[in-house]
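The listed protein sequences correspond, in order, to chains H and V. 45 is the number of the first residue of the first sequence in the numbering used here; add one for each residue after it. 972 is the number of the first residue of the second sequence in the numbering used here; add one for each residue after it.
A few of these clues could be false.
[Unchecked claim] No farther apart than 35 Å at their CA atoms in a straight line, the calculated lysine-lysine pairs in the DSBU-like style are these:
hint, chain 1, residue 1, chain 2, residue 2
1, H, Lys58, V, Lys1072
2, H, Lys99, V, Lys1020
3, H, Lys99, H, Lys144
4, V, Lys1072, H, Lys64
5, H, Lys85, H, Lys110
Hints listed in this document are in silico derivations from the structure and should not be mistaken for laboratory results.
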Amino acid sequence: GAVVSQHPSWVICKSGTSVKIECRSLDFQATTMFWYRQFPKQSLMLMATSNEGSKATYEQGVEKDKFLINHASLTLSTLTVTSAHPEDSSFYICSARGTKLAEQYFGPGTRLTVT
Amino acid sequence: AQSVTQLDSQVPVFEEAPVELRCNYSSSVSVYLFWYVQYPNQGLQLLLKYLSGSTLVKGINGFEAEFNKSQTSFHLRKPSVHISDTAEYFCAVSEGDSWGKLQFGAGTQVVVTP
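Only chain H is shown next, with the shape it has when bound in the complex (with noise of 0.2 Å):
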């Protein structure tokens, strides 16, 4: 099947700064991706919809001006968490949309931590 990866796979980071991660589909073309949060214990929540040439659709409740989400190529989606800070700790995931109805494919995660 089609993968997808995310790099890093795991960050540590400190209060305030920056980090970038990087979502790739490896082996097809995505058009769109999807950036999802998930806090220990707790179920996986959609943050945006990357669309490859255009701008992210945030989901309510998401800054888009602290989570910068860049489709600058049909293989790369990169989710850059600006000033950040404890609480945005936590697992993202991305997905990638195939080609066949209802397909996708999730990445193996990243988990941020900041200090």
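Chain H is fixed; fit chain V onto it per the hints.
The following block gives chain V in isolation, referenced to the frame of chain H:
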């Protein structure tokens, strides 16, 4: 807008016993339904999905689920669990015209004991 309800937050079960995880959804349009499993500190693995057709869907690792449109349910079952089935299970739904965008249930923690 769709919503997903997983009725059990935790399900303890003995090894080799059957298990059923309940999932109900609400949506005003046609939906696609999914079950995912997540092991500790890992990403999601797709167990099975319902798109159309037969309401009984078979997935990996011996799991199956039944779509019931009248009851808006998509319950997951396994006739005999293993210790390795201990994990978090998520039911998810996407609506027809925005497939790929998933709404997840709160999750059900399955704990299998000998």
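Evaluated hints:
Note on lysine 58 of chain H and lysine 1072 of chain V: the hinted pairing holds, with a Cα-Cα distance of about 31 Å set against a maximum of 35 Å. A threshold of 35 Å between alpha carbons decides the hint, and for lysine 99 of chain H with lysine 1020 of chain V the separation of about 30 Å falls inside it, so the pair holds. Pair hint lysine 99 of chain H plus lysine 144 of chain H holds up; C-alpha atoms about 24 Å apart against a cutoff of 35 Å. Taking the CA atoms of lysine 1072 of chain V and lysine 64 of chain H, the gap is about 22 Å. The hint holds against a cut of 35 Å.
Between lysine 85 of chain H and lysine 110 of chain H, the direct Cα distance comes to roughly 24 Å. Compliance with the 35 Å bound is thereby established for this hinted pair.
In this structure, every one of the numbered hints holds.
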